[in-house]
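Here the sequence shown stands for residues 1 to 255, where the numbers follow my numbering.
Hints were generated in silico from the structure; no laboratory data involved. Treat each hint with caution, since some may be false.
Said to hold, decoys possible - Using 25 angstroms as the maximum straight-line C-alpha spacing, the simulated DSS-like pairs for lysine-lysine come out as follows: (1) 138 / 104; (2) 245 / 212; (3) 212 / 160; (4) 104 / 81.
To be verified - Distance ranges between label pairs, derived from CB positions: (5) 85 / 244: 25 to 31 angstroms; (6) 224 / 115: 23 to 29 angstroms; (7) 86 / 183: 29 to 35 angstroms; (8) 191 / 161: 37 to 43 angstroms; (9) 191 / 156: 34 to 40 angstroms.
Even for Gly, the Cβ is constructed at its ideal location relative to N, Cα and C.
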Amino acid sequence: MQKPHATRSILPFAKRRLLNALILSGLCSSAFADGHLLAVGGMLKASNKPVYDKLIELAGGAEKARIAIMPTASGSLSSSKRFQAELVALGIPAEQISIVAIDKQNYLTSMNDPAAVKPLTEASAVWFVGGDQARLAKALLQADGSPSLAMQAISALYQKGGVIAGTSAGASILGASMPTAYGVVMDTLDFGVASRADQRGTALLKGAGLFKAGIIDQHLDQIEETSSGRAARMASYLVGQTPAKGFGLDTNTAI
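Based on the sequences and whatever the hints tell you, model everything.
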């Protein structure tokens with residue numbers, strides 16, 4: 001196995017500035033494997049070309065890239081179709097981009113359907129759209145915690161050097177643990193860390209486990225009532241974690 005190298009696996013990009021991410025603790029380069037991870041803090045703009053360019057580059061270039069879009073976290077296919085159109089505008093042939101048939105309606109059965117999973121086995125990159133990371137986790141991990149067929153395909157792609165990327169919920173899912181809130185973010189200061197996803201506060205759910213350096217959170221720069229306070233929330237749920245490291249990303253930025 002190639003010796004891990006932090007600058008190969010985790011790269012900073014942003015439209016406004018190179019990187020605006022809250023890193024509560026340092027990054028250990030030994031936490032990475034042979035593949036590439038790209039985590040976006042949400043609300044990625046089409047004008048943020050450095051992020052798109054890096055995704056395409058790591059996926060093999062516009063001529064060779066085969067990108068599978070996972071729509072599972074979203075309530076509709078609109079964000080997947082929009083991302084597909086943005087990739088086509090950047091030079092990737094439409095036939096090299098697929099929207100995986102594992103969606104909000106069918107994920108509990110399609111996550112283990114070989115036909116639905118096939119695009120993941122043929123991809124050089126996977127992109128998770130934003131939405132409900134708890135639903136996305138249920139599509140990747142079965143009730144007993146074992147990987148679904150979809151998760152097995154994603155892990156295999158990563159192990160052979162592919163790109164696993166996502167925005168918002170699609171960023172948080174990359175870690176071994178991921179935060180999900182029932183109610184507003186600031187509930188965590190009143191109710192603490194919840195034991196279940198349907199309780200007030202923030203629950204830490206099992207994620208894909210590809211990013212091993214800590215927990216990824218997103219939308220840290222948002223000031224709306226339902227989203228503000230994520231830095232304080234992160235401080236709350238990091239207590240007792242091993243490693244106790246959080247990576248908080250602003251919107252339209254990526255690592």
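Results for each hint:
Proposed proximity of residue 138 and residue 104 is supported: the alpha carbons are some 11 angstroms apart, at most 25 angstroms. Using a Cα cut-off of 25 angstroms, the hinted pair residue 245 and residue 212 holds, with the two alpha carbons roughly 10 angstroms apart. Distance hint between residue 212 and residue 160 is fulfilled; the C-alpha atoms sit about 17 angstroms from each other, no more than 25 angstroms. Of the pairs offered as hints, the one joining residue 104 and residue 81 holds, with about 15 angstroms between alpha carbons and a cut-off of 25 angstroms not exceeded.
Look at residue 85 against residue 244: about 40 angstroms separates their beta carbons, and that is not inside 25 to 31 angstroms. The hinted range of 23 to 29 angstroms is not satisfied by residue 224 and residue 115, whose Cβ atoms lie roughly 40 angstroms apart. Between residue 86 and residue 183 the C-beta distance comes to about 32 angstroms, which sits within the given range of 29 to 35 angstroms. Taking the beta carbon of each, residue 191 and residue 161 are about 42 angstroms apart, inside 37 to 43 angstroms as hinted.
For the pair residue 191 and residue 156, the supplied restraint of 34 to 40 angstroms holds, since their beta-carbon distance comes to about 39 angstroms.
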